[in-house]
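Following the hints, complete the assembly by docking chain B with the ligands onto the known chain A.
One-letter residues, chain by chain:
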Amino acid sequence: MLTSGAREKVEKLIACHPKKEAALLRVLHIVQQDQGYLSPETIASVADLMGMPAIKLYEVATFYTLYNKKPVGKYLIQVCANLSCSLMGADNLIRYLKDRLGVQVGETTPDNKFTLVTVQCLGSCGTAPMMQINDQYYEKLDEARIEQILASL
Amino acid sequence: MEKLLTKNIHLPDSHKIETYRATGGYKALAKALGEYSPEDIIDIVKRSGLRGRGGAGFPAGVKWSFMPKGTERPKYLICNADEGEPGTFKDRVILEKDPHQLLEGIIIASYAIGAQQAYLYIRGEFNLAIQRCEAAIREAYEHNFLGQNIMGKYYSLDILLPIGAGAYICGEETSLMESIEGKKGWPRIRPPFPANRGLFGCPTTINNVETLANVPHIIERGVEWYTSIGTDKNHGPKLYCVSGPVKRPGVYELPMGTPLPEIIFDHAGGLFEGRQLKGVIPGGSSTPILRPDEIQVNMDFDSLAKAGTMLGSAGIIVLDHTMCIVRSTLILANFYHHESCGQCTPCREGTGWLENILHHIEEGHGRPGDTDLLIEICDNIMGNAICPLGDAAAMAIGPAVKKYRDEFDYHLTNKQCLPETRK
Ligand SMILES: Cc1cc2nc3c(=O)[nH]c(=O)nc-3n(C[C@H](O)[C@H](O)[C@H](O)COP(=O)(O)O)c2cc1C
Ligand code: SF4
Ligand code: FES
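Top line first, the protein sequences correspond to chains A and B. So for the first sequence, my numbering puts the first residue at 1; every next one is plus one. So for the second sequence, my numbering puts the first residue at 1; every next one is plus one.
Pulled out of the complex, with its shape left as it was, chain A reads as follows (with noise of 0.2 Å):
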């Protein structure tokens, strides 16, 4: 079930949209923040609230990269492996960040802190290697930096 917070923001952004189908994408990123991922019941939940079918739900959330089909940890560590920051050490960062979490690209650590995934481009190729975590971009790292974010979180 949406909090009731989320549930008033999404039928807010609804109202403010002529056209309802336009706000889907910001719906679920609404809801996603709110429940960590979209699961079925979610998906079957903001179905009904935008009155929209839900298979159409389905069809968006899974062609979106951006959607968490399953749970991921609390924090969920992106780092960019495309060409600019491969050419920045990228793939040195993400060995150290799978020694250093104990886990491979892909999963979660066994407490559910951290989840360690590799993504494209994230158009912050002049300030290479870099990451996202959750929300911020972290950028020009290196294992010392590395260390410091983690111990800051």
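In case anyone wonders, no lab produced these hints; they're calculated from the structure. Hints may be right or wrong, so weigh each one.
Covered by chain B, per the in silico footprint, the following chain A stretches (three or more residues, Cβ under 8 Å) [as the list claims (entries may be wrong)]: (1) 23-37; (2) 63-71; (3) 76-87; (4) 125-138.
Partial chain A-side listing against chain B, Cβ under 10 Å, derived [what the hints assert, rightly or not]: (5) 16; (6) 17; (7) 57; (8) 109; (9) 121.
Each computed DSSO-like pair below joins lysine-lysine, with the alpha-carbon atoms no more than 27 Å apart [claimed, not checked]: (10) A:98 <-> A:9; (11) A:9 <-> B:183; (12) A:19 <-> B:184; (13) A:69 <-> B:7; (14) A:9 <-> B:16; (15) A:56 <-> B:184; (16) A:70 <-> B:184; (17) B:153 <-> B:183; (18) B:402 <-> A:69; (19) A:9 <-> A:69; (20) B:306 <-> B:402; (21) B:306 <-> A:19; (22) B:7 <-> A:140; (23) A:9 <-> B:184; (24) A:19 <-> B:183; (25) A:12 <-> B:306.
Positions of the beta carbon are idealized from the N, C-alpha and C atoms, including for glycine.
For chain B with the ligands alone, coordinates are given in the frame of chain A:
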């Protein structure tokens, strides 16, 4: 050159409306609404020669003139802020640091094409940009630069802010429209073109962030001034992104047509000590790579086309001698395969085969004939897909294989990377 697009970005609170107005912001809008008809604006932008900064370089004024007149149907303007082309990070600077410059461009463009509603579509990962643009839109409403009867004139406009969700393909214009409509981002077959049937089946113009950010400057200072910047048929300021192992990577605002070596060696400071130039991808990951002996070229649409590549999004990626060319090509093949929407077979299957073959070569399991096979697959994708993503993949990979064939062959024979690129 005097800075235009980036003139405010180093000011404190550059994203706020007070800062923007204190430096002359929204004067162009007052001029546009007060002195010019929509037709006048289209004419000015046409004569300015402003070409789209999203990749294709299509003249913006000409695009606007395709919008049907005297129709009852609603018309839309879309600003494409999906910036996802690897190596590109220029629109983000405008979105985060000077969103009002963009809004002013959006409002003037919407007035010119007769749109009452505009959509600013920002990629979902750009959280700061989203916050800044949302706040800027609010400020613009409060100051009556948006909403009913803008600045007391008989023109009204609303802006909505849809947000993407991690699909590169949604930067393609028709895919982006599907995405705004709350669907998966499958590009549409053209014709019909967006000017006739775009968003929600209505006439739509779509432009890149940087394209629209140029518009207030053109209106404020005129065609003659604007066309004095840059080279023949390639006018105005340009944001160049430089990434890779250079001393000062970043976004540089320079006249259109600035020589590529000047950007890399003067502005970006050249490569790190001890690194040798191996190649340059001049306009974002989709543009054919240039070998070191090919980089004497001006960075504008026509010069780069003549050099067999493209200005694209002006994302200059510098590759040095420590990067294995098979690996860099594999990274891009992985990207295009991952981002292919899967709608058409040559792109969906072809990008997968490219990735697989490159992966095998990189792992030392390549087979004789693989280089020719890669080139053949690229040739078969080229021109055979619904949207340009397929072509983009072919252009990112085919020329790299052809131009660095020696290194591919070394890999096939020796089952490993060149010594200087081994990690
Ligand atoms: C796969 C693909 C991705 C694209 N991504 C973007 C993008 O992120 N931003 C952008 O402005 N244009 C992008 N484009 C180009 C758009 O389709 C469109 O041509 C552009 O937004 C038009 O604006 P302009 O005329 O002002 O350049 C992309 C095209 C393709 C084929
Ligand atoms: S070319 Fe690729 S991305 Fe474009 S429509 Fe076809 S499958 Fe989709
Ligand atoms: S390649 Fe990593 S942010 Fe662009």
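Each hint, compared with the structure:
1. 23-37: holds (count 6)
2. 63-71: holds (count 5)
3. 76-87: holds (count 6)
4. 125-138: holds (count 8)
5. 16: holds, 8 Å
6. 17: Result: holds, 7 Å to nearest chain B Cβ.
7. 57: holds, 9 Å
8. 109: violated, 23 Å
9. 121: holds, 4 Å
10. A:98 <-> A:9: violated, 37 Å
11. A:9 <-> B:183: This hinted pair holds, its Cα atoms lying about 21 Å apart.
12. A:19 <-> B:184: holds, 16 Å
13. A:69 <-> B:7: violated, 43 Å
14. A:9 <-> B:16: Cα-Cα ~25 Å, so holds.
15. A:56 <-> B:184: holds, 9 Å
16. A:70 <-> B:184: Holds - the C-alpha atoms of residue 184 of chain B and residue 70 of chain A are around 19 Å apart, at most 27 Å.
17. B:153 <-> B:183: violated, 36 Å
18. B:402 <-> A:69: Violated. Residue 402 of chain B to residue 69 of chain A sits at ~41 Å, over the 27 Å cutoff.
19. A:9 <-> A:69: holds, 21 Å
20. B:306 <-> B:402: Holds, because 18 Å separates the two Cα atoms, which is no more than 27 Å.
21. B:306 <-> A:19: Measuring from Cα to Cα gives roughly 45 Å; hence the hint is violated.
22. B:7 <-> A:140: holds, 25 Å
23. A:9 <-> B:184: Roughly 23 Å separates the two Cα atoms, so the pair holds.
24. A:19 <-> B:183: holds, 13 Å
25. A:12 <-> B:306: violated, 52 Å
Taken one by one, the earlier hints fail for this structure at numbers 8, 10, 13, 17, 18, 21 and 25, listed in ascending order.
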